[in-house]
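Work out the full structure: start from the sequences and follow the hints.
Residue-level listing of the chains:
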Amino acid sequence: MIRSVNGNTAFRLALMGVAAASLAACATKKPMPIRTETPPAQTQTPPRTELPPAQPGVTQVPTGALPGSVQDFVVNVGDRVYFDTDSHDVREDAKPLLDAQSTWLRRYGAVAVRIEGNADERGTREYNLALGARRANSVRDYLISQGVTADRIATISFGKESPLDAGSGEAAWDKNRNARTAVVSGAQ
Amino acid sequence: MTSTLRKSAIHLRVTLFALLCVFVVVASVQPAHAEIEVNVNRGDVQPLPVAVPAFGGTQGADIAQVIAANLQRSGLFRPLDPASFVEKNLTAAVQPRFGDWKTINAQALVNGQVTVEGGKLRVDFRLWDVFQEKQMLGLQFTSSPENWRRVAHKISDAVYERLTGEKGYFDTRVVFVAESGGRGKTIKRLAIMDQDGANPSYLTGGDSIVMTPRFSANSQEITYMSLRPESSSIFLFNLETARRESLGAFAGMVFAPRFSPDGGKVAFSVERRGNSDIFLMNLSSRTSTRLTSDPAIDTSASFSPDGSKIVFNSDRGGSPQLYLMGADGSGQRRVSNGGGRYTTPVWSPTGEFIAFTKQTGGEFHIGIMRPDGSDERLLTTSYLDEGPTWAPNGRVLMFSRETPGGPPKLWSVDVTGRILQPVPYPGAGSDPAWSPLLN
Numbered sequence: 002m003i004r005s006v007n008g009n010t011a012f013r014l015a016l017m018g019v020a021a022a023s024l025a026a027c028a029t030k031k032p033m034p035i036r037t038e039t040p041p042a043q044t045q046t047p048p049r050t051e052l053p054p055a056q057p058g059v060t061q062v063p064t065g066a067l068p069g070s071v072q073d074f075v076v077n078v079g080d081r082v083y084f085d086t087d088s089h090d091v092r093e094d095a096k097p098l099l100d101a102q103s104t105w106l107r108r109y110g111a112v113a114v115r116i117e118g119n120a121d122e123r124g125t126r127e128y129n130l131a132l133g134a135r136r137a138n139s140v141r142d143y144l145i146s147q148g149v150t151a152d153r154i155a156t157i158s159f160g161k162e163s164p165l166d167a168g169s170g171e172a173a174w175d176k177n178r179n180a181r182t183a184v185v186s187g188a189q
Numbered sequence: 249m250t251s252t253l254r255k256s257a258i259h260l261r262v263t264l265f266a267l268l269c270v271f272v273v274v275a276s277v278q279p280a281h282a283e284i285e286v287n288v289n290r291g292d293v294q295p296l297p298v299a300v301p302a303f304g305g306t307q308g309a310d311i312a313q314v315i316a317a318n319l320q321r322s323g324l325f326r327p328l329d330p331a332s333f334v335e336k337n338l339t340a341a342v343q344p345r346f347g348d349w350k351t352i353n354a355q356a357l358v359n360g361q362v363t364v365e366g367g368k369l370r371v372d373f374r375l376w377d378v379f380q381e382k383q384m385l386g387l388q389f390t391s392s393p394e395n396w397r398r399v400a401h402k403i404s405d406a407v408y409e410r411l412t413g414e415k416g417y418f419d420t421r422v423v424f425v426a427e428s429g430g431r432g433k434t435i436k437r438l439a440i441m442d443q444d445g446a447n448p449s450y451l452t453g454g455d456s457i458v459m460t461p462r463f464s465a466n467s468q469e470i471t472y473m474s475l476r477p478e479s480s481s482i483f484l485f486n487l488e489t490a491r492r493e494s495l496g497a498f499a500g501m502v503f504a505p506r507f508s509p510d511g512g513k514v515a516f517s518v519e520r521r522g523n524s525d526i527f528l529m530n531l532s533s534r535t536s537t538r539l540t541s542d543p544a545i546d547t548s549a550s551f552s553p554d555g556s557k558i559v560f561n562s563d564r565g566g567s568p569q570l571y572l573m574g575a576d577g578s579g580q581r582r583v584s585n586g587g588g589r590y591t592t593p594v595w596s597p598t599g600e601f602i603a604f605t606k607q608t609g610g611e612f613h614i615g616i617m618r619p620d621g622s623d624e625r626l627l628t629t630s631y632l633d634e635g636p637t638w639a640p641n642g643r644v645l646m647f648s649r650e651t652p653g654g655p656p657k658l659w660s661v662d663v664t665g666r667i668l669q670p671v672p673y674p675g676a677g678s679d680p681a682w683s684p685l686l687n
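Residue numbers (the numbering used here), protein chains in the order written: chain Z, 2 to 189; chain B, 249 to 687.
Simulated from the structure, these hints should not be mistaken for laboratory data.
Take the hints with a grain of salt, since some may be wrong.
Just some of the chain Z residues that point at chain B, by a computed CB distance under 7 Å [claimed, not checked]: (1) 77; (2) 78; (3) 79; (4) 127; (5) 128; (6) 131; (7) 135; (8) 138; (9) 164.
Pairs of lysine-lysine residues, derived as BS3-like cross-links and limited to a Cα-Cα distance of at most 30 Å, are as follows [to be verified]: (10) B:415 x B:657; (11) B:557 x B:513; (12) B:415 x B:368; (13) Z:176 x B:657; (14) B:513 x B:415; (15) Z:176 x B:433.
Since this is a predicted model, take the numbers as computed values, not measurements.
Glycine included, C-beta positions come from ideal geometry on N, C-alpha and C.
Shown next as structure tokens:
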């Protein structure tokens, strides 16, 4: 695209021309003779013995994640709740966390989330996809019951495909039966 | 052998193998009734000793090895060590020296000759009944030279069928999910290989989680599920053209796709608000019909071979069990009745059995039952066995097995439960689906 040269551009071009000309002038100057000079002998001043004046103290208070950010949600609210074997009922011990999620989501009304349901490895692939979907939906229902509007919540199930803990055994399975609330848009 | 004799031989099959030694002894007196038969129904048979010397000609030894390995893995045959063979350099053009094969107690002998002419591979082979000293089968196959393994599989199928009276399953392929990357960060790619683990190749990249592939009845099309964080999809994949096509967008998750036996429809599950139900899509009109509407989980549909019924998985009774319905969704009723959790039902190609995964007391099993729920037999037990698929003759099942913390591996077991072994594919794999016999 060809643009006409406006006044401003012309002015800048002119300046550049001046600068180039002066550089060229410098280049043709004869080098200055180097003066050699012996520095004066330094007289050592002994360090003073009195203490420096007291400085005011600095207090440090953690401000944490930026309010309304993904980090704020994950760190200060918590993004994951856990389920019992073969169950998709929201556990009593998960409710305070989901209440906090609801409060946070009501405060930051532009945020949209996706709830990802997960299952442990002690089931077959397709049944576990369906089970994970039930868990994601249980969390969705709970958040809606706490005043979060339905159109802000999507759900999906990863079945047993995305274990939080790669190990095998009760401890790993307990962690892998969960639903994670992932912030997908609208955060700070 | 006349068809009448064949029929009587099939009727006798249950008892025939036990009498085999007697038949062999009386063979010279009553040759017409003394032919070798291999019993596929009994779990306690001794495999039949068979000799498969290297075929003459280029790649003759390779072809014989593939045949011997197929017969061995079936569990019904015991290929003899070539080092024990007395007669050497046997070709298909002359009669074997039967005495030499009787000496090492070979009951059957497979020999052949490979000829390459005008860029074509020709393989002539003969199957011999050693103790009767007669030819049971003689066939010639022609193909392109790079196709030599398929020729070996077709010979294996011909030998298997002649000796057992049932169709073979060696000229088949398996589509599966090849896994890499370790647990928690697994990369899953759709892959295909010959039934013996040879010629593996990938059909998809690792950019989404792929699951549960299934063949159509013509072996040229696959349907599978693909999962991304944002959505799930069901794809059709044509193996000849490599064309991939989505079944479309749905409100909710879609999973567990299966072709109808005529290939014209796909049954699948749709999850909406936590409720999974089974739908049926007509592939030409792209219209879907809802088959189940129970608020429980309904998934893993599998058609009967005649297409009239569907067996599926539901927890409408409180725990996952197997249910049966008409292909239009009518007459839904429970068929599994043992304790434990039943999932992944798969109707056998012969219609005789339904295979399934069962969980009891912290263990997983692959099992079979009659379509009415009777005659349940558990064929395997392990930490995690899952997802059986039938060989096209309904005699062997392939499935995936995991040890605690380990990657899944492909295994196979026959319907007697006696012949359990890993599939000779070195990598990690899950969700195998066996093709029909290739043409």
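Hint by hint, here is what the structure shows:
With a least beta-carbon distance of about 23 Å to chain B, the hint placing residue 77 of chain Z at the interface is violated under the 7 Å criterion. Because the beta carbon of residue 78 of chain Z sits about 20 Å from the nearest beta carbon in chain B, more than 7 Å, this interface hint is broken. Checking residue 79 of chain Z against chain B by beta carbon gives a least distance of about 20 Å; that is not within 7 Å, so the hint is violated. At about 5 Å, the closest approach between the beta carbon of residue 127 of chain Z and any beta carbon in chain B falls short of 7 Å, and the interface hint on this residue holds.
The beta carbon of residue 128 of chain Z comes within 5 Å of a beta carbon in chain B, closer than 7 Å, and the hint placing it at the interface holds. Given the 7 Å rule on beta carbons, the hint for residue 131 of chain Z holds: about 4 Å separates it from the nearest Cβ of chain B. A least Cβ separation of about 4 Å between residue 135 of chain Z and chain B falls short of the 7 Å threshold, and the interface hint therefore holds. Hint on residue 138 of chain Z holds. Least Cβ distance to chain B is approximately 3 Å, under the 7 Å limit.
Evaluation of the residue 164 of chain Z hint against chain B yields a held restraint, the C-beta minimum of about 6 Å falling below 7 Å. For a cut-off of 30 Å, the pair hint linking residue 415 of chain B to residue 657 of chain B stands: about 27 Å separates their Cα positions. Restraint check for residue 557 of chain B and residue 513 of chain B: satisfied, since their Cα atoms lie roughly 13 Å apart, inside the 30 Å limit. Restraint check for residue 415 of chain B and residue 368 of chain B: satisfied, since their Cα atoms lie roughly 27 Å apart, inside the 30 Å limit.
With a C-alpha separation of about 25 Å, the suggested pairing of residue 176 of chain Z with residue 657 of chain B holds against the 30 Å cut-off. For the hint pairing residue 513 of chain B with residue 415 of chain B, the CA-to-CA distance comes to about 27 Å; that is within 30 Å, so the pair holds. Pair hint residue 176 of chain Z plus residue 433 of chain B holds up; C-alpha atoms about 16 Å apart against a cutoff of 30 Å.
Hint check: violations occur at hints 1, 2, 3; the rest are consistent with the structure.
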